[in-house]
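Peer 1: Listed here are the chains, written in short residue letters.
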Amino acid sequence: MGKRFAILPCNGLDKAYGPLSREVALAIAEHTESEIICPVLLNNLQARYEKTLSGLPLLVVDGCQTRCATKLANKLGIKIDQKIMVSEAAKEAGTTLDKSLRLGPATLKLAEEIVAGFLDGFEKKATTADSSAEFDAPVEFITVTHDKYVFKIPIEGYLFNENDCWVRVVGGRARVGLSDYMQQNLTDITYFEPPEVGRVIEQFDELGAVESAKAATSPISPVSGKIVAVNSALVNSPGTINEDPYGKGWIAEIELADFESERELLLDGSAYAETLKKKVADL
Amino acid sequence: MKTEASGGPTLVIPCSGIGKVHGLISREATYEIVDRLAPDTTDTLCLALLVTGDEEALAKVRSHSCITIDGCPKACSQKNVEMAGGQVTEAVRVVDAFKNHRGAQPGTATKLSEEGWTIVHEIADETARAIRGETTGGDTQDAQ
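Those protein sequence lines, which keep their order, are chains L and C.
Here our numbering is used: the first residue of the first sequence is 1, the next is one more, and so on.
Here our numbering is used: the first residue of the second sequence is 284, the next is one more, and so on.
Any given hint could turn out to be false.
Said to hold, decoys possible - Derived contacts from chain L toward chain C, CB cut-off under 8 Å, selection only: (1) C10; (2) D14; (3) G18.
To be verified - Stretches of chain L that chain C covers, calculated by requiring three or more beta carbons in the stretch to come under 8 Å of a beta carbon on chain C: (4) 32–39; (5) 58–71.
Hint data in this document are derived by calculation from the structure and do not stem from the laboratory.
Keep in mind it's a predicted model, so treat the numbers as computed, not measured.
Yeah, the Cβ is synthetic: ideal placement off N, Cα and C, and Gly gets one too.
Whole structure, please, built from the sequences with the hints as guidance.
Peer 2: What follows is the structure, given as structure tokens:
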């Protein structure tokens, strides 16, 4: 696959998902000739890994929801490039682990599947990142400036709520995400929990969760309808929201329920820019 | 989760030990003690919880006797347990066990050889005996 990583797994000891995260980390390291970072040694002696971390993108592998590896990277100010949460992957695979801390055949098979999924997904992401022609990324922007910060707002095609979330409508379907202002305000996003596909939501309902080193929040949906797709690539690469909030950083696609009446509560690019100017002036 | 009677179980805490065979030995020895040799009197704890300041983990090491098993001389487990305010009653070092196995080929960071498993069993047996008060812990050292 070509790309190498600095892989930071959680310690992975005393819960069933821990040893699985360790197994996944080691297998990816073997497949990609990446370098493993010992989380405890990193905490004690960061200089030991200075060269590795400056030369390779960081992949964190967390076992349980405590997310020690992510917390450690945040604590030490190390930017996370890719992320795997093995408990989520196990859930997606419909696998429940037993309580044993030793990996049995079923868990080892799951580890292989997680590794294959990561490697495959990474390759696909590299080759098909621009494949969504239906929801092309914007090309022209208005900007709102505050101190050293510049916030971009697409001129056309995007509507916003006052919660700094956008919606782009194509036919009866919409894509939603966070505004550039929101992602900059959060700083580096380290965690994304997608909303549930199939759930029917009302306008201004919450859409999953995002978390950064600075804050945790739930995106507020600008529209109502049924969630028909989520950007699952963000689970492993939540930083994509920072890199491309109006394009590859989209959060969910919604089959619209009542857009015509809901659009009255939304702002076009120009109106959102005015709202944003007032918002940042009050900071 | 084990019942914590008066004093509670002894915590056996290996280093993170990822990426090196010594670390794998430390981890496997811990599992052997906690799962098989002394399941009623020991428990383990994830070292990363101490590193990230988990309150429950910090309280646990401060209120239980701790045995640390470190793969290499950096002694990450012992240092972090002590920094967290825990009392390390035995500090086991995997490298010391190798003194009785000069030239041993213990395997890799992901898979132990037969020699590697032999060392695991030796460390685990010796540490379990120390927990039962039968020995002073062989290659272990008193922290205080």
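Peer 1: Should the interface hint for L:D14 be scored as holding, given a Cβ-Cβ cut-off of 8 Å against chain C?
Peer 2: Check passed: Cβ of L:D14 comes within 5 Å of chain C, closer than 8 Å.
Peer 1: Within the assertion that chain C covers the stretch 32–39 of chain L, do at least three residues meet a Cβ-to-Cβ distance smaller than 8 Å?
Peer 2: holds (count 4)
Peer 1: Using a Cβ cutoff of 8 Å, are there at least 3 residues of the stretch 58–71 of chain L near chain C, or does the coverage claim fail?
Peer 2: holds (count 4)
Peer 1: Return the status of the interface hint for L:G18: holds when the least beta-carbon distance to chain C is below 8 Å, violated otherwise.
Peer 2: 6 Å, holds
Peer 1: For the hint on L:C10, does the least C-beta distance to chain C fall short of 8 Å?
Peer 2: 6 Å, holds
When the structure is compared with the earlier hints, no violation turns up for any of them.
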